[in-house]
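Visitor: Chains as they are written, first to last, in this note's numbering: chain A, 1 to 141; chain B, 1 to 131.
Hints should not be assumed to be uniformly reliable.
Have a look at the derived ranges for each label pair, beta carbon to beta carbon [as the list claims (entries may be wrong)]:
| no. | chain 1 | residue 1 | chain 2 | residue 2 | range |
| --- | --- | --- | --- | --- | --- |
| 1 | B | Leu122 | A | Arg20 | 41 to 51 angstroms |
| 2 | B | Leu111 | A | Ala123 | 37 to 47 angstroms |
| 3 | A | Ala48 | B | Ala104 | 12 to 22 angstroms |
| 4 | A | Gln80 | B | His98 | 49 to 59 angstroms |
| 5 | B | His98 | A | Leu131 | 18 to 28 angstroms |
| 6 | B | Ser99 | A | Leu131 | 41 to 51 angstroms |
| 7 | A | Asn23 | B | Phe103 | 37 to 47 angstroms |
| 8 | B | Thr100 | A | Arg20 | 29 to 39 angstroms |
Under 7 angstroms between C-beta atoms, here's a sample of chain B residues computed to sit facing chain A [unchecked claim]:
| no. | residue |
| --- | --- |
| 9 | Ser35 |
| 10 | Ala36 |
| 11 | Ala38 |
| 12 | Ala49 |
| 13 | Thr54 |
| 14 | His58 |
| 15 | Phe61 |
| 16 | His83 |
| 17 | Gly88 |
| 18 | Ile114 |
| 19 | Ala115 |
| 20 | Leu116 |
| 21 | Leu118 |
| 22 | Ala123 |
| 23 | Ala126 |
| 24 | Ile127 |
No wet-lab data here; the hints were simulated from the structure. Where is the CB? At the ideal position from N, CA and C, for every residue including glycine.
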Amino acid sequence: MGDKNLGAAAKPGQHRPRPRSPNMQIYRPQLTSVLSVVNRITGVILSAGAVVLVVWLVAAASGPQAYAVIQDAMASWIGQVMLLACTFAFFLHLCGGIRHLVWDTVHGFELHAIYASGWWVVAASLVLTALAWGGRAWLGS
Amino acid sequence: MTRHLARNTRSPLAHAIGLGSTRSGVAHWWALRVSAIALVPLTLWFAAALILHTGSSHAEFTAWLRLPRNTIAMVLLVVAAFHHTGLGVQVVIEDYMHSTARFAALVLLRLGCIALALAGSLATLAIAFNG
């Protein structure tokens with residue numbers, strides 16, 4: 001790492017090292033960079049959630065016994081914690097994704113707009129997660 | 001540059017065309033956006049359904065999924081979700097994995113997404129057409 005990868009002139013017959021991505025750990029975390037990383041991590045979490053969705057559908061198609069196994073696993077406290085984490089990850093990825101789609105229209109790139117939309121993503125995800133679980137508790141009682 | 005020309009009479013531009021983002025980058029970028037837009041209403045529908053039908057019995061859940069609008073929405077959700085997952089996780093693999101592990105991971109990802117999209121769709125259709 002370090003100097004030997006940066007701009008050292010290649011000697012004849014020697015492969016010049018490719019430039020590397022910035023080493024993230026040397027930067028102070030900022031809302032912009034943290035949300036970028038979060039969008040990626042939540043995407044990976046939701047990929048696992050999509051696999052659970054398929055398992056759930058296949059269990060339901062297999063019959064009441066298999067369905068009951070999945071329902072019991074979901075109702076356990078580990079299942080509930082994972083479902084809550086998936087809910088929050090889903091809303092973060094949804095709101096972050098909408099922010100990306102707005103950027104794709106070449107809007108909202110001013111520094112203040114980037115920070116404003118970033119905090120909106122965080123706030124909206126918290127509120128939507130609370131609404132989803134509040135609504136669930138209200139309907140379930 | 002001189003080394004390049006000594007080996008190959010093709011211009012650097014001709015050498016670069018067909019590699020990297022000039023090959024399939026735009027199609028990948030566009031497909032990720034299109035599947036994202038499809039997933040906005042589909043995932044919100046699914047989240048609402050989860051809230052409304054939490055703790056449903058097997059009979060209640062299958063009766064709900066059997067309604068044509070729910071069958072269609074679930075199949076669309078599963079297909080769009082695994083299309084989007086395949087495109088998104090591909091970028092993560094390409095960024096962080098190298099050498100042969102990357103190749104194996106990309107093949108597994110592609111096959112896994114196709115298999116899971118089909119499994120989810122077929123399970124939904126099996127419920128819809130069973131009775």
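Visitor: Now look at each hint and say whether the structure bears it out.
Guide: Results for each hint:
1. Distance hint check for Leu122/B and Arg20/A: the Cβ-Cβ separation is about 44 angstroms, which falls inside the suggested range of 41 to 51 angstroms.
2. At roughly 39 angstroms, the beta carbons of Leu111/B and Ala123/A sit within the given window of 37 to 47 angstroms.
3. A hinted range of 12 to 22 angstroms holds for the C-beta pair Ala48/A and Ala104/B, which are about 19 angstroms apart.
4. Gln80/A and His98/B have their C-beta atoms about 38 angstroms apart, which leaves the hinted 49 to 59 angstroms range violated.
5. At about 42 angstroms, the beta-carbon gap between His98/B and Leu131/A misses the expected band of 18 to 28 angstroms.
6. About 45 angstroms separates the C-beta atoms of Ser99/B and Leu131/A, a value consistent with the hinted range of 41 to 51 angstroms.
7. Remark: the range hint 37 to 47 angstroms for Asn23/A to Phe103/B is contradicted by a beta-carbon distance near 25 angstroms.
8. Checked against the hint of 29 to 39 angstroms, the pair Thr100/B and Arg20/A fails, with Cβ atoms roughly 21 angstroms apart.
9. Checking Ser35/B against chain A by beta carbon gives a least distance of about 10 angstroms; that is not within 7 angstroms, so the hint is violated.
10. Because the beta carbon of Ala36/B sits about 5 angstroms from the nearest beta carbon in chain A, less than 7 angstroms, this interface hint is met.
11. A distance limit of 7 angstroms between C-beta atoms decides the matter here; for Ala38/B the minimum to chain A is near 12 angstroms, and the interface restraint is violated.
12. Given hint, Ala49/B at the interface with chain A, is violated; its Cβ is 11 angstroms from that chain's nearest Cβ, farther than 7 angstroms.
13. Proximity of Thr54/B to chain A holds as hinted, the smallest CB-CB distance being about 6 angstroms (cut-off 7 angstroms).
14. Because the closest C-beta pair between His58/B and chain A is about 4 angstroms apart, less than 7 angstroms, the hint holds.
15. For Phe61/B, the interface hint holds, the least distance from its beta-carbon to any beta-carbon of chain A being 6 angstroms, beneath 7 angstroms.
16. Nearest Cβ of chain A to the Cβ of His83/B: about 11 angstroms, over the 7 angstroms cut. The hint is violated.
17. A hinted interface residue such as Gly88/B counts as satisfied when its beta carbon comes closer than 7 angstroms to some beta carbon of chain A; here the least separation is about 5 angstroms, so the hint holds.
18. A cut of 7 angstroms between beta carbons decides the hint on Ile114/B: the least distance to chain A is about 12 angstroms, and the hint is violated.
19. Hint status for Ala115/B: violated, given a least beta-carbon distance of 9 angstroms to chain A, over 7 angstroms.
20. At about 5 angstroms, the closest approach between the beta carbon of Leu116/B and any beta carbon in chain A falls short of 7 angstroms, and the interface hint on this residue holds.
21. The interface hint given for Leu118/B is violated, since its Cβ lies 9 angstroms from the closest Cβ of chain A, which is over the 7 angstroms cut-off.
22. Checking Ala123/B against chain A by beta carbon gives a least distance of about 4 angstroms; that is within 7 angstroms, so the hint holds.
23. Of the supplied interface hints, the one on Ala126/B holds, with its beta-carbon coming within about 4 angstroms of a beta-carbon of chain A, less than 7 angstroms.
24. A cut of 7 angstroms between beta carbons decides the hint on Ile127/B: the least distance to chain A is about 5 angstroms, and the hint holds.
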